[in-house]
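If you read the sequences in order, they're chains A and B.
Throughout, our numbering is defined as the position within the first sequence, counted from one, plus 366.
Throughout, our numbering is defined as the position within the second sequence, counted from one, plus 11.
In short, the hints are calculated from the structure, not lab data.
Mimicking DSS-like on lysine-lysine, the simulated pairs with C-alpha atoms at most 25 Å apart in a straight line are:
(1) A:Lys368 x B:Lys75
(2) A:Lys596 x B:Lys369
(3) A:Lys779 x A:Lys793
(4) B:Lys410 x B:Lys75
(5) A:Lys426 x A:Lys485
(6) B:Lys71 x A:Lys368
(7) A:Lys614 x B:Lys369
(8) A:Lys820 x A:Lys935
(9) A:Lys417 x A:Lys456
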Amino acid sequence: MKTRLALALASIAILVVHGMVFYQQFFHEWETYQKSYFKQASTLSKNEAEKAVLDSRSPKIEQIMVTQFGNARVDRCTTCHIGSDDPRFKDAPHPYKAHPYSEALGDKQVNGKWERRHKFADIGCTVCHDGQGRGLEEFYAHGEDEFWTEPMLGYVVQENWKPEYQKKLKGKEFMQANCTQCHTENDFASTPLVNKGRELFITKNCYGCHRIEGVSNGTLGPDLSDVGKKWKLDYIYESIVDPRANSKTSFMPQFKLTEEETKALTVFLKSRRGFNFAETNLDRYRAALDKGHVETSKPPTTDTNTENADKGDTTEATTSAPSTSVALGQTLVDQKACAACHKIGDKDGGIAPDLSFEGLMRDDKWVVAHFKDPRALVPDSIMPAFSFSDNEYQAMSAYLMSLTQAPAAASAKENYQNYCARCHGDKGDGHGMIATYLDPYPRDFTNAGFMNSKPEDRLIKSIQEGVGGTSMPAWKNVLNEEQSKELLDYIAKTYTKQKRQNIKPKSVPEKNPVAMSTQSNARGEQIYLQRCTGCHGRKADGKGANSLDILPRPRNLLNSEFVNSTSDKRLFESIMYGVQGTAMPPWVDYGLTKNDVGDLINYIRSLNQEKNKLMAANFVKACH
Amino acid sequence: MVYSMSKKSQKKSFLSAITEFPAAVWSSVFRNPLPHTDLGRSRTSFTNFFLHMHPVKVHKHTLKPFFTMGLGLMSFFLFLILVVTGVLLMFYYVPSTAQAYDRMLDLRGSVAFGVFLRNMHRWSAHGMVAVVFLHMCRVFFTGSYKKPREFNWVIGVVLFLLTLFLSFTGYLLPWDQLAFWAITVGTAIAGYAPVVGDQMRFLLLGDTTVGQEALLRFYVLHVAVLPLITTVLIGIHFWRIRKDGGLSRPDEADKVETAEAVVPLEPALAGAGAMAYTASGDIDFIEKKKYGIQGLVRGPFTKVGNVPDNTVYSWPNLLLAELFVFILTVLGILVMSYFFNAPLEEPVNVMHPPNPAKAPWYFLGLQEMVSYSAFWGGVGIPGIEVLILLLVPYLDRGKEGVGKWFAKERLLANTLFMTFVVVNIILIIIGTFFRGENWEFASPF
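Start from the sequences, fold in the hints, and give me the full structure.
Right, dumping it as structure tokens:
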């Protein structure tokens, strides 16, 4: 009997649960909406026939099959939004409300009746709005489900988005990103945010690093051609305002953008879906053939200038007609947004060095070479290699060379503020405004261990001649030796503070005591692999396992510009006796002999020689 | 009554043929009316296809709810739910990378009971993995794998592996991020096997990565190959229960309690599942005893008649118990499916693995071990575990402690098995809750 009682109870329980399940599965919110709509529409109907039709309708799932726009879509939105195309419901509450008619969307009034430009029967809803067309519950249909990749643009923010972004990503203007899927013209009037974003993509220099099909060809950063398909608004927005949030190793600068500009860029990037509904593969192939190369290397505004300059011989144009060339260079520098990162006059991007008096710091040859390949001269530079014609490089260089007006300054303090603070910081601690974007990092003047262990004449030489392979230029045309000395005194007094002691003379040979040879290199490599890789890395690029915990960072030993401009004597001293104020220990204490150090120097030099050889080989190949 | 009517109706009128038609159909389908006598009860069990799996009489010990806890039945009923919901889901599912995910959305959005079917299927699948494992634990801790049930244990282990594989193949089908990366991780573990690892993985995926070929293969395995093998093995598993003498029970259970017991029984022969073996394994005929024809087929046999013992009729005792377990199982799954929706994450994005990418929960113990050593964690240790499980009845040959939970005589075996269970559960818990980005330790709190 006990079994029977348990059985009876379980049976009752299962009956109850079945009831619950059936209720849950049979009750649909959309049915109540539809019933209510039929009732309201029936009272509004003008004649009996219409009324009868409405009265006899019973709820069913409404759907629009959209086949003309990319992958086939099934939009069931009108199941709830059943009055969306019924003008009598223009003031009704959601979900009965009729979709607004607007001339901006191309809707027209014909005989007092609105006619839609975008007919819902053809285009559905999600083509413009995003969301999940198949969904029949608000949570899923509107894309509130955090797993849905296309929440309704500008209307729905997902719960897992950062709260501070959520409110910024609302607003129907975000839908412009979808208008662009068909209206691909660059100047389409109804998508001002996309147009502005596209412009900002150029003027804020995004194009230098990022590739977007048909817009730019950068290679330093990720390809953004289909970024709008891959990511939701919050991720795109976050990647702009906080590049390191999602990619810890990103070296993308945090650009100074207003709220409006960030929004425009976000919308523009969201509009990049890799393909447009409006074009077929054949169209794109034809377009690529016609263009030959991407359009933005020659935007329409500079076309006339470029063409004029192209007519003359490139080299002669720069020498015989410097004024035109400088003018062209100035136009290019202005339009190509160099100031999005650099400081030029009163424009300042706050990311890269001051070019306001570049003519005093670098020479024409260096600037042109640097334009073509920034990392050939400053190996860890984040500056992208912009693609211009030779003539344009020359012109921009000529313009920069014409900038020879350094800000006037009297005292060493003013000099420091004018010239040094941008990188080395107002407090002399190396954390200047642009320091995070420089590699090697600017020297910390408050590090007395380093500052006082180097002879003054070497420090003055660094000011006067600059430091090869880094962003430190030669200041000799700006500051004479006397001024440099004063500046150094000022730095020592203000930042280093500790008094300089007499440096004990060390036994350091002028030249590497070991002759360069394959055997010596091999020995050097062995020692390097045993002793140096922890900090300087297996590739000798300064990125060893410990490197992130060390400031100043370990030297990149593949920085040929630096290594080749540094004497054997200095390398020998740094290895043998360490570098005070840094993590580089005196290896003499760890048993390295003079010959060992000599082998190491040979090995390091060979790394850079081979690189040179390789580069030379490539250069020869390229010339042929 | 129906019986006798059909016999004497030699000159039946047309009219009476019409009026008797429903009864005639009924009696042709169900040969017995609802039984009121012991003979009727026996006959009902015997003549009904679905009931003939059962013995006519079943030992009282078998019906003790806390001896088996109904775990084996529960596994079977979950399998039935899976078959039924699975077949219904098949009407909507398309094993194509382009359509599978959309079909999931349709199931959730517009198919009547679609989301509920999917929930039931999902939770039953997870439930089956758990319950089959618990069933295995029950069999071990009660020492029920011992002679003569060794081979049924082996079939059981194979069924457990099949359950895992069924669940694993089904995991890919929704074609969302969860599915894709779990299978990517799971098949990567298979690739760690020595020599044949890569080939095995390729055979499973039909490609070097999870893609359309893998989806199709997993689908076919999931809906045809594996269920078929499982069904056959379940059949054998059930058949062997009877042929091996019913469920295990301790010797004490066979002591006759009835006062009518006149003929003292040989302990070895008592009850429906008597162990009528001599030490040599031959069937031991005992002169004084009467037994049915089945006794000749193989030792254990079903007894019909008035031999006093500790058995009761299966109809209705066993059937009611089974019905109860069935209702309980369905109830559990319904409640679970009512309150919790089966997960459906983003559509597959091959470029963006979630961090961490986790295998299904029952393989997270493996994944946790793989994080220490790919070969040993993914192949070596699990391989040895399965091998030992298969060999358990042949390694542990003691005859003591059968049919009792945690018998004292089996302390060593039970401790070893408990360690195996606990270690695996701990590994699964660590893998599920305590592993975050890059498989680093992360607190869930």
